[in-house]
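Engineer: Sequence:
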Amino acid sequence: MNRNEFLKLSASVIAAFGMAGLGDRRAVAREAGVVELDESWLVKGLTAMVQANGWFDAHWGAAVISGYYLCKENEFDEATRAGILQQLQTVLEVRAEQFAALPAAKADEKRIPEVAAALRPAVEGGLRAHGHAVIYASLATKALHEVPHMATPKVINGLCDLSRQIARKKPERPKGVDGDGAYPDSQAMIEALFDSLARFKDLVGDPTIRRPNFTHMTTHTEALLTLDELGLTELARVGHLGHRAHIGAPVPDAVPNRDAQAARASLQSVMSGEFWTDESHLDQWRRMWAIGKNPNGYWIAAGHLFKVLYAYHRLIKRVEDEEKIRVCSTVLLERYINPSVQGG
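In this text, residue positions in the sequence shown follow my numbering: the first is 13, and each later residue adds one.
If you're looking for bench data, these hints aren't it; they were derived computationally from the structure.
Being a predicted model, the structure only gives us computed values, none of them experimental.
Every residue, glycine too, gets a C-beta built ideally from N, C-alpha and C.
Among the hints, erroneous ones may be present.
Said to hold, decoys possible - Pairwise CB distance ranges (calculated):
| hint | residue 1 | residue 2 | range |
| --- | --- | --- | --- |
| 1 | ALA129 | SER352 | 42 to 50 Å |
| 2 | ASP295 | LYS182 | 36 to 44 Å |
| 3 | ALA112 | VAL331 | 39 to 47 Å |
| 4 | PRO165 | GLY188 | 25 to 33 Å |
Unchecked claim - No farther apart than 30 Å at their CA atoms in a straight line, the calculated lysine-lysine pairs in the DSSO-like style are these:
| hint | residue 1 | residue 2 |
| --- | --- | --- |
| 5 | LYS154 | LYS118 |
| 6 | LYS84 | LYS181 |
| 7 | LYS181 | LYS122 |
| 8 | LYS181 | LYS336 |
| 9 | LYS187 | LYS166 |
| 10 | LYS122 | LYS154 |
Based on the provided sequences and hints, a complete structural model is requested.
Structural biologist: So this is what it looks like as structure tokens:
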């Protein structure tokens, strides 16, 4: 993300979390009962993606789609599920204009493959924008197959335009990799991600060291896996070169440090009702983002927590080494447990 994109995102989050009455609306939503999990979330997510003000703003719609699949594809206890859905409802509230319903239009599901076709220029040659073109296109394509009535001209054209915006960026090639950088298959790509995350285990517990972008390494990996599963294997392989660049971030020098705060960063603790209803978390998440005072506001606001948990749950089903999963969970999720940890 360049400085202009960073400042733009900051302004949008500040504006969103400054909306009057958010606390009151949250209270009303709680009293109204459990938020339903149905395909309307996919409609809302696609709507927000194509009504984004630039590609970075599409995070909000992608978050809602991810949150829907996170709850649909996993067996969580009712408290956890309800907490996730309530936070998704908050996303709808703080970005109400972006989620406003689109005008009625005729759909043409034969146009759905255009979303993947537009993706290719954004993945050729290396890594752009932390893999966001792949992340958006894979989520959108998966969703459109479930709600084909959303394949309207505005939606298809808008999704394609997100990839076109990102395609204009200069790609980053991985160091020391010749040729197309393709993995033998998606399983090898997943194992490469977990091997990469495990390299950073000695950073856990020391918030003074800024982390690489673990979140998007993970969501990028899952997005390429989804393309493969959707039958777009050749396109997914084109994206492997950028994936290698993404996970190849160097490990900063660190003295092994294990503190009590770091030990709390586990998948079990995050996927609990206590995490999603903890008042200190709710306070951080609904306040405006501020790098010195409230760094977690940005992460929940732009939906990264929903996307990374959806992606990670998908990926760990393909990993047999439970100890590696434990280590990588701590590396990946420490950022969401401890607001002092930057990056990742």
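Engineer: Each hint should be assessed against the structure and marked as holding or not.
Structural biologist: Hint-by-hint comparison with the structure:
1. ALA129 x SER352: 42 to 50 Å: Given about 43 Å between the Cβ atoms, the range holds.
2. ASP295 x LYS182: 36 to 44 Å: Check passed, 40 Å falls within 36 to 44 Å.
3. ALA112 x VAL331: 39 to 47 Å: holds, 40 Å
4. PRO165 x GLY188: 25 to 33 Å: Given a distance of about 44 Å, which is not inside 25 to 33 Å, the answer is violated.
5. LYS154 x LYS118: Answer holds: LYS154 to LYS118 is near 20 Å, not above 30 Å.
6. LYS84 x LYS181: At roughly 34 Å apart (the allowed maximum being 30 Å), LYS181 and LYS84 break the hint.
7. LYS181 x LYS122: holds, 29 Å
8. LYS181 x LYS336: violated, 34 Å
9. LYS187 x LYS166: violated, 39 Å
10. LYS122 x LYS154: holds, 14 Å
Comparing the model with each numbered hint stated earlier shows that hints 4, 6, 8 and 9 do not hold.
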